[in-house]
Amino acid sequence: MMNHFMVLALLLPLRTCYTTYSQQESVVFPVMYLNVSKDLALQRLLVEWDVGKSAHDAELAMSFEIQVRQTDETATVWTEFHNVTLDKSGKPLHWTWDSDLPLECVSHSVRIRSKAEASKIWSPWSLWETVLGLDTSSNSGPQIFPNEKIIEEGSDLTLCCIGRKGQIIQEFFIDLDGRVFNHTSSQDRLLTLKNVTHEVRHITAYCRESCNEKQCSDQSVFIVGKPPDTPHDFSCQTQDKRRVTCTWSQGGDTYLYGSHSPKYTVSEEFSQKIVPCTVSCSERCSCSWDIGQQTIYNITVAVENPLGRKTATDVFDVTHRIYPAAPFQLWEKCTDTEINLYWKHQNKEIELFCQTEVLHPDGKVQLHNSSETRQNYASITLGGLRPYTEYTARVRCGAAEHFWRWSEWSEARTIRTMESAPSGELDIWREITPVLGGRNVTLFWKQTPSFRANGRNISYEVTWEKVEDGSEPESISFSSVYNSTRISIDNHSYRISIMAKNNVNYSLPSVLIIPRATDTEELKEEQVSGTDDGIFISWEPRQIYNSYIIDWCNFPMLQPCDLQWKRFGPNTSSALINSGAFVPGVRYNFHIYGSVANRASLLEKKTGYLKELPPLHDPTVRKVELSPNAVTLFWDYNLTNESGFVRGYHVYVSPVQGDCSLKGSEKYTVPDYSVLCKYTIENPEEKTYTVKHLLPNTKYKLVVKAYTGGGETPIVNFRYIDTPFNSNMLYLVFLLVIVPSLVAALCRWKMKWVKECCCPVIPSPSKSKALSFKEFKIGSEKVLKISDCIPDALAVDNKAEAQNFHPWSQLSSTSTADQSDDDNSSWIYPTDHEERDPAPTPTPQTHTWFENFAYSSHLAVESNVCQTPETRAGSKPDPSVVLYQPQYYFDILNGGAGSSPRDTAGRKTSLRYVSQTAVHCLGRRL
Amino acid sequence: MRCNGRPLGVLAAVTKGLFILWAVPGQGGRPLQPPTLQQIQALVRHMAEDAQELFTFYEENQGLAIHHLCRTNHPPEWLRGPVAGSRGLRGLQGTMARMSQALQDITRHQRDLNPPGAEILRRLASTHLKVRGLLSNLKGLFPAPSSNPGLRPRPTAPTKVFQQKLEGCRILWSYSRFMAKLNAQLEARSRRARREKQRSHRGSHLPTRS
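So the protein sequences, as listed, match chains F and R.
Per numbering that gives the first Met the number 0, the first sequence runs over residues 0 to 925.
Per numbering that gives the first Met the number 0, the second sequence runs over residues 0 to 209.
In short, the hints are calculated from the structure, not lab data.
Keep in mind it's a predicted model, so treat the numbers as computed, not measured.
Warning: the hint list may mix true and false statements.
What the hints assert, rightly or not - Derived, one-sided and incomplete: chain F residues facing chain R with beta-carbon distance under 10 Å:
id	residue
1	Glu147
2	Ala204
3	Tyr205
4	Asp217
5	Ser219
6	Ile222
7	Leu255
Every residue, glycine too, gets a C-beta built ideally from N, C-alpha and C.
Using the sequences plus the hints, can you model the full thing?
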């Protein structure tokens with residue numbers, strides 16, 4: 000029972016709470032009062048409303064939804080939720096709204112509904128409360144709204160023109176730098192410019208009623224600009240704790256000028272006062288004012304123009320913002336290696352920390368820091384300097400306590416340290432030229448990198464003395480412009496020293512020992528080669544020397560030759576020698592010396608080129624020996640003074656006509672694509688060469704070229720030669736042509752004797768037993784019947800029949816085609832003679848041929864004229880022989896030799912009779 | 000009067016500069032001495048051209064060419080005239096003093112609309128210098144104090160930018176007309192004087208009738 004009561008006791012308050020909550024959820028507090036007014040100056044709607052007193056009493060947290068509608072628009076142009084907690088004072092609520100559209104142009108209506116935050120239900124909307132625009136102009140003429148104003152770049156501009164009562168707006172447009180814009184909205188009373196830009200200088204709106212009087216129109220000018228930028232880099236500082244200067248960057252252009260340009264105001268927050276300063280702006284804006292006892296400031300700079308206001312603030316303690324004035328009146332005291340620099344400063348009551356910048360002659364910059372006591376001047380000692388050297392120094396300072404920033408640099412001061420004795424050594428060298436009774440020694444000196452003149456009037460003193468007998472030294476001085484001298488000494492050993500001297504003292508001496516003159520063995524000169532970076536020299540190191548020296552002449556062909564030298568340490572055995580004077584094609588001679596105890600000994604000689612070039616001259620061919628198949632050339636050539644080391648010679652040969660392909664040669668194609676035969680002689684001392692395998696009686700061109708490591712010059716200026724005729728060929732001709740011809744002539748001349756000797760008298764057939772015919776006899780002579788003879792040759796003397804036979808075919812007993820084949824003939828005329836004959840018509844005559852030479856001797860002789868030895872030698876002529884045949888053809892028989900066999904045969908047509916007696920000669924075959 | 004060619008334009012500018020040096024006393028380091036009537040006449044001729052050029056440029060530059068709003072037939076009272084004769088020249092001092100004030104006002108308005116160094120500001124300054132030059136010449140020519148030149152109270156200045164521009168434009172238009180008329184009067188007077196001089200010169204050589 001007790002438990003049941005307790006449960007009820009708990010449930011009752013819960014129910015009460017629930018009921019209350021449910022009631023609050025459903026309770027609404029509608030807007031009881033709504034008033035809308037307008038602030039035309041600000042173009043702002045002022046809205047005032049209230050809800051029931053109960054809501055105030057309950058101090059409810061409420062939300063209000065506010066809607067704005069422009070009369071000429073069908074839709075709501077603005078909706079906003081406004082949250083507020085009511086109080087018991089019961090004051091009405093307020094809300095403002097800035098209109099983009101001039102309030103004069105259209106009517107604006109507002110309505111509101113409410114909701115307690117605890118409630119889920121919105122109250123009903125209030126009625127629209129309207130504030131009217133202008134229906135008609137209240138002025139004496141039409142009015143453009145908004146009135147002239149400055150508008151922000153990028154914004155939209157909406158204008159309207161309100162005419163007077165009873166007047167019609169006839170013109171309403173905007174002039175944009177001469178471009179007319181008159182697109183109006185649907186209501187035909189509004190003009191809207193989107194995204195205006197400052198580039199349009201003049202936005203002028205024109206509105207005119209239908210009348211023409213002056214008061215019938217209105218115009219408005221709109222200026223486009225930008226709000227000011229927030230001041231950048233705003234900071235304040237003081238030089239002396241008495242006057243503060245604030246500076247800042249003003250930002251971008253606002254495009255607003257004159258009275259519309261940005262205005263600056265500077266105020267102090269703690270004192271709530273405007274700072275009495277005048278702002279001036281050029282690259283940066285600044286403003287300065289005297290301060291009092293106040294040390295901590297909160298300074299605000301505000302920049303404002305018609306489009307906006309921006310601020311920047313700087314809170315600072317004056318003692319932490321000290322920006323000292325630049326040091327001034329610098330002066331100095333200096334020695335040869337130190338400068339004491341002094342300066343003054345304005346901020347005597349401020350302890351400063353200063354920095355001195357020293358600019359060295361080599362461009363190096365050194366910074367020296369120093370603290371400054373509160374004296375009339377400050378100073379710093381700059382040490383480690385070179386004597387008689389110019390330094391440029393300047394100073395800046397900052398507050399030693401609470402360093403803020405460096406002052407500006409003081410004016411730079413250029414200071415020269417005092418002179419001292421020259422330091423370092425001179426590098427000296429010599430060139431020894433033996434002369435009668437002694438030597439000429441040319442001494443050279445130059446300053447080593449470590450040498451310092453340390454003064455203005457530098458000079459050199461050269462002293463020399465004999466080493467052995469300690470005789471009185473001789474000396475001579477030279478001004479700074481000299482770097483060499485020549486002295487004459489005898490053949491004794493000498494000690495030479497050279498010192499530099501200035502107004503203060505001498506440098507340490509540089510010593511050279513010239514040894515006693517002795518006959519020295521001539522060293523062989525070795526060739527060295529150049530590279531892109533110089534001429535590489537190497538030598539054999541010797542342990543006894545503590546340094547090596549290489550000398551050479553920059554201009555070997557000149558006198559003086561500009562002797563140069565270079566020293567190397569004891570562990571060096573090679574060097575790349577380079578000089579700006581080295582040029583390709585010039586031979587440079589290098590001498591390598593070893594030096595110990597100031598005595599130098601020549602070790603090696605080298606010679607070489609930076610780069611070898613082709614020879615300057617061609618060899619001069621002084622003698623040419625010709626043979627039918629070879630030519631031997633002899634030439635002169637001076638191997639010295641060339642633009643490279645001569646490695647040998649090239650002999651180029653070629654027939655004048657055509658390319659060269661001589662045995663044992665190398666082919667070389669010249670730029671005109673003709674091919675030369677190239678022979679290489681690799682020994683430059685060998686100055687003769689024989690070119691073999693030439694053709695006799697042929698014209699050749701040839702040239703001899705020297706070549707170096709740089710190549711050779713172009714092949715021009717050929718020499719032309721003609722190889723002689725080969726005499727052996729004459730002998731052969733003589734043997735083969737002349738001798739037989741002579742024999743033939745002799746035979747002809749002694750024909751009778753030859754006949755008798757070679758062809759004895761043939762006995763009369765009548766006396767022959769073989770022809771002892773009994774059956775037939777005519778008179779005293781016997782008659783041979785044809786039928787009794789067996790013929791072994793046939794001669795046809797009929798033109799028509801003769802055509803069936805080859806005119807030069809061998810007579811045979813049977814005239815068959817096979818037997819008349821030329822290949823089987825014992826007598827053949829060269830076929831080329833036939834071919835050369837342009838009239839191949841066979842002579843239609845009958846020829847008589849006899850195998851027995853004795854019966855046809857006259858024919859045989861004439862036929863021989865046309866027969867060459869070659870045709871006799873073989874059945875077919877060798878083509879090569881045929882080619883050369885005209886060369887060996889000799890007119891021996893006076894006229895008949897040039898005739899063709901056909902002609903010959905033609906001329907013998909008179910031999911048409913066949914002697915019956917001659918037939919007996921054929922009987923030899925019987 | 001405008002030259003299209005650049006060399007001609009440069010030549011014209013140099014010529015004008017030399018002319019001003021001659022016409023305006025005290026320019027170019029010359030000792031101040033009373034100007035001659037010819038100098039004033041030459042200066043007026045030059046100012047008439049300058050006034051016309053300034054008006055043309057201003058009207059175009061300010062976007063006021065629409066409807067020729069400034070070309071009023073009702074110039075300010077002080078720019079009505081000019082009065083012929085030496086009395087007119089004496090009275091010109093007052094006109095030039097008012098014109099100097101008006102140019103200052105126009106320049107001040109234009110400074111709100113244009114960046115420093117704008118062409119319109121340069122031209123206004125140049126014209127203002129000439130007006131002050133002529134005023135100085137007139138003071139040299141008529142040393143006696145004129146009737147309170149430049150001391151009249153200014154009319155209420157318009158507050159609207161457009162009205163300021165328009166007012167300036169109208170003044171420049173009226174000024175250009177005024178200077179053109181003044182120049183024409185002085186030219187006519189000069190021609191008349193030359194004719195009379197020639198006539199009297201010829202008359203002195205005519206034989207006298209007995």
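Results for each hint:
no.: 1; hint: Glu147; verdict: holds, 5 Å
no.: 2; hint: Ala204; verdict: holds, 9 Å
no.: 3; hint: Tyr205; verdict: holds, 7 Å
no.: 4; hint: Asp217; verdict: holds, 9 Å
no.: 5; hint: Ser219; verdict: holds, 6 Å
no.: 6; hint: Ile222; verdict: holds, 7 Å
no.: 7; hint: Leu255; verdict: holds, 8 Å
Every hint, counting from the list given before, is met by this structure.
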